[in-house]
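Colleague: Residue strings, one per chain:
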Amino acid sequence: MNYSRLYAPLMKIYLLVFFCYLFLPLLLMAIAAFNTPTIPSVIPWQGFTLQWFTLLFQDRLIWESVLNSLIIGIGVVLLAVPIGLSAALLLTRLQSRSQPFLYAILVSPILTPGVILGISTLIFWSQAGIGGGLFLTVIGQTTFIASFSMLIFMAQLQRLDPELEEAALDLGASHLQTYMKVIFPYLKPTFITAACISFLQSFENYNTTLFVIGADTTLTVKIASMIRLGLTPEVNALSVIFLGVTVMAAVIYTLLQKQEDTDAV
Amino acid sequence: MTQWQQLLFQNGKIMAVFMVALPAFWLVILIVAPQLMMIDFSLWYEDNVTLERLERDISQKDHHLFDLDDKIANLMDQGLSAADPQLVSLEQEYQLLDQEIKQLMLKTDDPPEVYSPKNYVYLAHNQLHRTIFLKTIWSSLMVTLIAMVICYPVAYYLAQVAPKRQATILFLGLIIPYWINEILRTFAWLMLLSYNGFINLFFTRAGLLEEPIEFLDGNTGVLIGMTYAYILFMVFPTYNLLQTLDRNQIDAASDLGAGWIRIHLRIAIPHAKPGLAVGAITTFMLAAGTYAVPAILGGPHSLWFTQIIYSWFFDGGNWNQGAAYAFVLLFLCIIFVMLMMKIFRVRFNDITRRV
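Going down the list, the protein sequences come from chains A and B. Numbering-wise, the numbering used here puts 44 at position 44 of the first sequence, and it's gapless, one number per residue. Numbering-wise, the numbering used here puts 258 at position 258 of the second sequence, and it's gapless, one number per residue.
Calculated directly from the structure, the hints in this document are not laboratory data. Small disclaimer: the values here were computed from a predicted structure and weren't measured. In this text, a Cβ means the ideal position worked out from N, Cα and C, and glycines have one as well. Heads up, some of the hints might be wrong.
To be verified - Under the rule of at most 16 Å between Cα atoms (straight-line distance), these lysine to aspartate or glutamate pairs were calculated in the EDC-like manner: (1) 102(B) x 62(B); (2) 164(B) x 261(A); (3) 164(B) x 260(A); (4) 102(B) x 57(B); (5) 181(A) x 166(A); (6) 107(B) x 57(B).
To be verified - Among chain A residues calculated to face chain B with C-beta under 8 Å, some are: (7) 23; (8) 82; (9) 94; (10) 112; (11) 114; (12) 175; (13) 243.
The task is simple: from the sequences and hints, build the whole structure.
Modeller: Below you can see the structure in the form of structure tokens.
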């Protein structure tokens, strides 16, 4: 392959630049968490400190926002996973010409800007006298997170061998028993994936949350307001924690993925 | 047997109810009804002229009521008995007026709603908002195009060229920034681009810059930040499609003498079309709908359309106007989806199946 010999070095440089572009900003953000000045910065370097972490852990408002994020995240998981599962079952089993249309509508929240979902939720529930807050945030986020959950379940359901189900029914299991003893156990890892993705999506969400959170605050909303009003390296300290958790999660995910590949072979 | 009876027959009562009730709740209460309500809101306004007239009316009547009250009190002071006809008629007048005021007050609680396209006309006639809307379209298109150009080679390399081990590591390198909070990714660029930020300090100290550049005064910072924040949404769909491209097709084309550029133009890119379309739609939607990036990286002179929408809701207190602006944004995204379907010659289902 002559083209690969010609373009391989160019490609290497391109990739190097691309990954530097991806990682250098994050790296600088993390390094600034350990620098002394009260404005987040890397140069000039004025000495190593851990005081921003100490301040962060003492900041009561941040922990309150973390608690809110957790509550909302759990609420979203409890709603989005069952909804996603039921919709995935419906769409894989409904023999109807309206199926593609239904599918399109149920996926559309993913293709809708988050602010629109927040706004429409806010308007709709205000008619029932329910204003912004934790409950409305759960509702607003579930609108699109249920779509992700549905897609995850659908992918797995399409791989389900229909004979398994037929065998269970032939052997005298009731429909409910078939679900409880065959289909749901088969979907067990999918439940975990759907719950994790739903929780993460909820935890990180900003654009939808902004419109439905009311006077409360979530961690993401709190970080944004810290950046805009009264920026301190506490934000950088937080980013170090986020980076650490993300790197770990990504490594675990990659290892699991690899295991799955070798299992499949 | 209808499709629904079949569903019942094949899954049992409990599961059939579960499979219909929950999606129905989601579809109606969470997705469709709120959108319709938003559109409804965008089509009417509170008639403030009538409202003001009502309020003037009430205050006049209130004055009258006070006068009456005074008069009654005076007459009582003069020693008139409560049964005196003059006092009784005044008392009656007082009661009537009081009732009338209460009824008018009820009306102001529920101001008259007038259906008209006024909220949309307002946007069309407001030059500043119109300019910002056009800027949002233009910038989102630019971000989408830049992301596509930058990401295609990376996606191709990962899917077709990289050895398996290397691909795994590079993939990890894509996931980590992809999973980092959007706010933090934007904040990272605030540190780089601000007046006393890393880039300015680095280059002035190295003697390459005479004086710092104001990245954050206009739209430059917002564009850089948006590209960075949403670029990875282009990589993954493109990668997914290119991964399904049979290596033999490329080899065959190469054996038959096709050059590097031709292989991409005739084989790889056409194959990746649905992925490119999904990537473009997602990136455009995120860029046009972002609130975080302009809020953090935009200067006072670089308002974004989403920021105007936000202020209609929370600073201006005119939800109807805000709903109209929101619908315009949604409509823009729908148009973009249709445009992508046309350009990449894919059907809607090709797109939704790749999300």
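Colleague: Under the constraints set out in the numbered hints, which ones does this structure not fulfil?
Modeller: none
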